[in-house]
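As a plain string of letters, each chain reads:
There are 2 protein chains.
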Amino acid sequence: MSRIIIPIIFAIVSLSSFAQNDVKEDSIILKKIYDTSLLNGKSYSWLDYLSNQIGGRLSGSVNAQLAVEWGEKELKTLGIDKVWLQSVMVPKWTRGVTEFAYIETEPGVTTNVPICALGGSVPTPIGGIKASIIEVKGLEELSALGKEQIEGKLVFYNRPMQADLIETFRAYGGCVDQRYSGAAEAAKYGATGVIVRSMNLRLDDFPHTGAMSYGNLKDADKIPAVAISTNGADLLSSMLKLNPKIKFHINMNCRTWKDVKSYNVIGEIIGSEFPNEYMVVGGHLDSWDLGDGSHDDGAGVVQSMEVLRIFKEIGYKPKRSIRVVLFMNEENGLRGGKKYAEVAKNKGENHVFALESDAGGFTPRGFSFDCDDANFNMIEGWKPLFEPYLVHYFAKGGSGADIGPLKKDGIVLAGLRPDSQRYFDYHHAKNDTFDAVNKRELELGAATMTSLMYLFDKYGVK
Amino acid sequence: MSRIIIPIIFAIVSLSSFAQNDVKEDSIILKKIYDTSLLNGKSYSWLDYLSNQIGGRLSGSVNAQLAVEWGEKELKTLGIDKVWLQSVMVPKWTRGVTEFAYIETEPGVTTNVPICALGGSVPTPIGGIKASIIEVKGLEELSALGKEQIEGKLVFYNRPMQADLIETFRAYGGCVDQRYSGAAEAAKYGATGVIVRSMNLRLDDFPHTGAMSYGNLKDADKIPAVAISTNGADLLSSMLKLNPKIKFHINMNCRTWKDVKSYNVIGEIIGSEFPNEYMVVGGHLDSWDLGDGSHDDGAGVVQSMEVLRIFKEIGYKPKRSIRVVLFMNEENGLRGGKKYAEVAKNKGENHVFALESDAGGFTPRGFSFDCDDANFNMIEGWKPLFEPYLVHYFAKGGSGADIGPLKKDGIVLAGLRPDSQRYFDYHHAKNDTFDAVNKRELELGAATMTSLMYLFDKYGVK
Numbered sequence: 117m118s119r120i121i122i123p124i125i126f127a128i129v130s131l132s133s134f135a136q137n138d139v140k141e142d143s144i145i146l147k148k149i150y151d152t153s154l155l156n157g158k159s160y161s162w163l164d165y166l167s168n169q170i171g172g173r174l175s176g177s178v179n180a181q182l183a184v185e186w187g188e189k190e191l192k193t194l195g196i197d198k199v200w201l202q203s204v205m206v207p208k209w210t211r212g213v214t215e216f217a218y219i220e221t222e223p224g225v226t227t228n229v230p231i232c233a234l235g236g237s238v239p240t241p242i243g244g245i246k247a248s249i250i251e252v253k254g255l256e257e258l259s260a261l262g263k264e265q266i267e268g269k270l271v272f273y274n275r276p277m278q279a280d281l282i283e284t285f286r287a288y289g290g291c292v293d294q295r296y297s298g299a300a301e302a303a304k305y306g307a308t309g310v311i312v313r314s315m316n317l318r319l320d321d322f323p324h325t326g327a328m329s330y331g332n333l334k335d336a337d338k339i340p341a342v343a344i345s346t347n348g349a350d351l352l353s354s355m356l357k358l359n360p361k362i363k364f365h366i367n368m369n370c371r372t373w374k375d376v377k378s379y380n381v382i383g384e385i386i387g388s389e390f391p392n393e394y395m396v397v398g399g400h401l402d403s404w405d406l407g408d409g410s411h412d413d414g415a416g417v418v419q420s421m422e423v424l425r426i427f428k429e430i431g432y433k434p435k436r437s438i439r440v441v442l443f444m445n446e447e448n449g450l451r452g453g454k455k456y457a458e459v460a461k462n463k464g465e466n467h468v469f470a471l472e473s474d475a476g477g478f479t480p481r482g483f484s485f486d487c488d489d490a491n492f493n494m495i496e497g498w499k500p501l502f503e504p505y506l507v508h509y510f511a512k513g514g515s516g517a518d519i520g521p522l523k524k525d526g527i528v529l530a531g532l533r534p535d536s537q538r539y540f541d542y543h544h545a546k547n548d549t550f551d552a553v554n555k556r557e558l559e560l561g562a563a564t565m566t567s568l569m570y571l572f573d574k575y576g577v578k
Numbered sequence: 117m118s119r120i121i122i123p124i125i126f127a128i129v130s131l132s133s134f135a136q137n138d139v140k141e142d143s144i145i146l147k148k149i150y151d152t153s154l155l156n157g158k159s160y161s162w163l164d165y166l167s168n169q170i171g172g173r174l175s176g177s178v179n180a181q182l183a184v185e186w187g188e189k190e191l192k193t194l195g196i197d198k199v200w201l202q203s204v205m206v207p208k209w210t211r212g213v214t215e216f217a218y219i220e221t222e223p224g225v226t227t228n229v230p231i232c233a234l235g236g237s238v239p240t241p242i243g244g245i246k247a248s249i250i251e252v253k254g255l256e257e258l259s260a261l262g263k264e265q266i267e268g269k270l271v272f273y274n275r276p277m278q279a280d281l282i283e284t285f286r287a288y289g290g291c292v293d294q295r296y297s298g299a300a301e302a303a304k305y306g307a308t309g310v311i312v313r314s315m316n317l318r319l320d321d322f323p324h325t326g327a328m329s330y331g332n333l334k335d336a337d338k339i340p341a342v343a344i345s346t347n348g349a350d351l352l353s354s355m356l357k358l359n360p361k362i363k364f365h366i367n368m369n370c371r372t373w374k375d376v377k378s379y380n381v382i383g384e385i386i387g388s389e390f391p392n393e394y395m396v397v398g399g400h401l402d403s404w405d406l407g408d409g410s411h412d413d414g415a416g417v418v419q420s421m422e423v424l425r426i427f428k429e430i431g432y433k434p435k436r437s438i439r440v441v442l443f444m445n446e447e448n449g450l451r452g453g454k455k456y457a458e459v460a461k462n463k464g465e466n467h468v469f470a471l472e473s474d475a476g477g478f479t480p481r482g483f484s485f486d487c488d489d490a491n492f493n494m495i496e497g498w499k500p501l502f503e504p505y506l507v508h509y510f511a512k513g514g515s516g517a518d519i520g521p522l523k524k525d526g527i528v529l530a531g532l533r534p535d536s537q538r539y540f541d542y543h544h545a546k547n548d549t550f551d552a553v554n555k556r557e558l559e560l561g562a563a564t565m566t567s568l569m570y571l572f573d574k575y576g577v578k
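Sequences listed follow chains H and F, in order.
400 is the number that the working numbering gives to position 284 of the first sequence; each next residue is one higher, with no gaps.
230 is the number that the working numbering gives to position 114 of the second sequence; each next residue is one higher, with no gaps.
Warning: the hint list may mix true and false statements.
Only pairs whose alpha carbons sit at most 27 Å apart, straight line, appear in this in silico DSS-like list of lysine-lysine [as the list claims (entries may be wrong)]:
#1 Lys512(F) - Lys499(H)
#2 Lys428(F) - Lys189(F)
#3 Lys192(H) - Lys463(H)
#4 Lys499(F) - Lys253(H)
#5 Lys304(H) - Lys433(H)
#6 Lys512(H) - Lys338(F)
#7 Lys338(F) - Lys377(F)
#8 Lys546(F) - Lys546(H)
#9 Lys140(H) - Lys512(F)
#10 Lys140(H) - Lys189(H)
#11 Lys263(H) - Lys361(H)
#12 Lys574(H) - Lys148(H)
#13 Lys499(F) - Lys512(H)
#14 Lys361(H) - Lys246(H)
#15 Lys428(H) - Lys192(H)
#16 Lys377(H) - Lys357(H)
#17 Lys512(H) - Lys461(H)
#18 Lys253(F) - Lys148(H)
#19 Lys338(F) - Lys158(H)
#20 Lys147(H) - Lys512(F)
#21 Lys461(F) - Lys435(F)
#22 Lys512(H) - Lys140(F)
#23 Lys208(H) - Lys263(H)
#24 Lys147(F) - Lys147(H)
#25 Lys546(H) - Lys208(H)
#26 Lys461(F) - Lys499(H)
#27 Lys253(H) - Lys189(F)
Read the hints as simulated data drawn from the structure, not as lab findings.
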């Protein structure tokens, strides 16, 4: 054995025994974190309150304000170092009197179908609109059809989510342009309104709302936009095949108001060694108005709060400053996320890591990371620590909408990835309610997030 | 480079390019399998029929017979080589008129609590039984208490499932002795009956039934046994703390009849190269009577049928003979599983592989295997093929109750492992119904099973 090899072996052995001690310590702490969440967790009872006592909380609503006050009050019970509200102007849109629609096969012969206004839509005139329908499979088909075929009609976007994609968020990404830009595009060809197939992989009677944009259309050119349930979409499509001349009636009185003042809710534990390095964990406090927003994103809110509560409960004192941020207005403006990043930048705060939970309260499968290779390699080394908790998925990819504006060189952004198979059954619909969330699944998610925060705090960002 | 090394390198290179072609072919076939299940699957509509048109199907019931006839008829539509019924005598136990129970704090002051008879229990005498209660945390506490404290009382087994265990089947395993042996043990100390906390991690109002045994007690010594819902158990425990003298009344008229004839339903595709090597995939056709048995084990039944249907649909001709077996009587006797193994042994059939799905129709996480190291190493080599489908869990462990009797040297036994967090919310209870099964999750399970069957058929068992 040469004189060079011996010291290398010693170095490897000592590194490895150091690493083994670390692994042992980390395993013990992760076990404590999971036990605390599963045996003595607070996430589920928090969600119960947020969902059942407050309910749906669209930006600018009374409920959104109640949620802000609740979040601040609850964070103040945790004994963390600071809790404050960060003001931000948000859009205010109201649904108004319950909207309705029907198919008219001939005058007086009508079939009701479940619809809802898309968020941000203009209303119909009083008395509603009625027009014949042209069905398309997406935005591309519009230009091929041209103004002649579209003018004066309702455009029916009916491209379904692709069921063969295993990750349902990819299937969503492949369809959501119909909802977001469908009205703006159809208006250019003189359409009188749009009907969009709900972003739902299941066949049922729930219409799913969601954000839309008119782009730079003038107010006078804006046309009403509704979502139709998947069953309703299939019915409408079948009836159109039998008789292309059927008409569709929509009645809604939604409205956009002036922006109003709202808040991000922020809590902080000051770091013991590197107080000027900030790590964020968060979800968004606002939700759509149809359900009570339990999966989207009540789950992410209470899981994020639970991260700091668990740290306090197990007596873990982070080296870096850890903030929980309950972002306002993810759904229809992202104003809270933008504001938080803007203030952080103006104050010169060094954000090194941010984690968002905004994909539902289902069994956690892992995380996706928006980061460089050095950090991703470090993360991959942590995989064995998560295996006892059946958390296997660690991949590069997107993180979360609210933390996106924090992106800069050197920061690691992460998104919790729960099982996604059921998510779009509930997303933005009336059935996104507390009973659709399983206590253990929610708690496992909170523990998985806390564990990742712990590891990043301990080892730092590369 | 020595003359020895060069041939080795050639061998490695050619092996590796062979292996790469195999991986490519396997990836393409797995994609076909998943696409077929998700886009053109039959498992969900089969389950709809079995659950909603037939319903709960306890061994010996009319519904069990209807399920046998349905299974045979459906398998015959698949164009496989053989379909037959294998007769087996099964126990017949009936619940009778709906059972009920209440807590009596003082004469005339009563509180109803949700209970159900455990499967196989003797009835109460007409008019029911009423006695005071002694609460224990498990079988161990009984002997410490002794006959003096137990005689004439109802023993209340109240050890809950351990919430900190990530794999809920382990938590079940840690409690189920109370249900299975609780009555036999308590009877030895002169108890008049037993009340067992439901095997459920959630707090709710559903009592969960399940198999129990009186061991070798004489008929005259058998005592009634019921499950109480988790909320009911917590209530009873609280009331006992306030007043240890409260009484509990149980009324039930369940009954055990003579064994009756029933059937395993079997379908087969004859292997093209090794027709005398048998591979089995199955679930159990019987279920408890309270719900409609959608998760336990309607899901496993239709997923197993789907394996053969997918092979036919994609035109895959297995080299080995593949059998789907819909086992009768897993829940309260395992007679179907034992009969199948007995007949196979008597006929000298060489069974090389068996896979069971009996853990619910939730998102598939992987498999556990009862096999030797050589086979397990081969299986581990297949992990990357499953990663695109978010199937990561491959571990040694149990397989399935019905295929257990096939165990012998050289056979590989496997069990599908779906996400288990929600399973015991429904297991053996009234809410195990079709609406609790998600179409995509069920279909992903079927595809995952089909993929494993394909790989074992292609590469054989070591």
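To see whether the hints hold, each was checked on the structure:
no.: 1; hint: Lys512(F) - Lys499(H); verdict: holds, 19 Å
no.: 2; hint: Lys428(F) - Lys189(F); verdict: holds, 17 Å
no.: 3; hint: Lys192(H) - Lys463(H); verdict: holds, 24 Å
no.: 4; hint: Lys499(F) - Lys253(H); verdict: violated, 37 Å
no.: 5; hint: Lys304(H) - Lys433(H); verdict: violated, 57 Å
no.: 6; hint: Lys512(H) - Lys338(F); verdict: violated, 61 Å
no.: 7; hint: Lys338(F) - Lys377(F); verdict: holds, 26 Å
no.: 8; hint: Lys546(F) - Lys546(H); verdict: holds, 25 Å
no.: 9; hint: Lys140(H) - Lys512(F); verdict: holds, 24 Å
no.: 10; hint: Lys140(H) - Lys189(H); verdict: violated, 37 Å
no.: 11; hint: Lys263(H) - Lys361(H); verdict: holds, 18 Å
no.: 12; hint: Lys574(H) - Lys148(H); verdict: holds, 16 Å
no.: 13; hint: Lys499(F) - Lys512(H); verdict: holds, 19 Å
no.: 14; hint: Lys361(H) - Lys246(H); verdict: holds, 12 Å
no.: 15; hint: Lys428(H) - Lys192(H); verdict: holds, 13 Å
no.: 16; hint: Lys377(H) - Lys357(H); verdict: violated, 48 Å
no.: 17; hint: Lys512(H) - Lys461(H); verdict: holds, 25 Å
no.: 18; hint: Lys253(F) - Lys148(H); verdict: holds, 25 Å
no.: 19; hint: Lys338(F) - Lys158(H); verdict: violated, 44 Å
no.: 20; hint: Lys147(H) - Lys512(F); verdict: holds, 22 Å
no.: 21; hint: Lys461(F) - Lys435(F); verdict: holds, 22 Å
no.: 22; hint: Lys512(H) - Lys140(F); verdict: holds, 24 Å
no.: 23; hint: Lys208(H) - Lys263(H); verdict: violated, 33 Å
no.: 24; hint: Lys147(F) - Lys147(H); verdict: violated, 37 Å
no.: 25; hint: Lys546(H) - Lys208(H); verdict: holds, 20 Å
no.: 26; hint: Lys461(F) - Lys499(H); verdict: violated, 44 Å
no.: 27; hint: Lys253(H) - Lys189(F); verdict: violated, 39 Å
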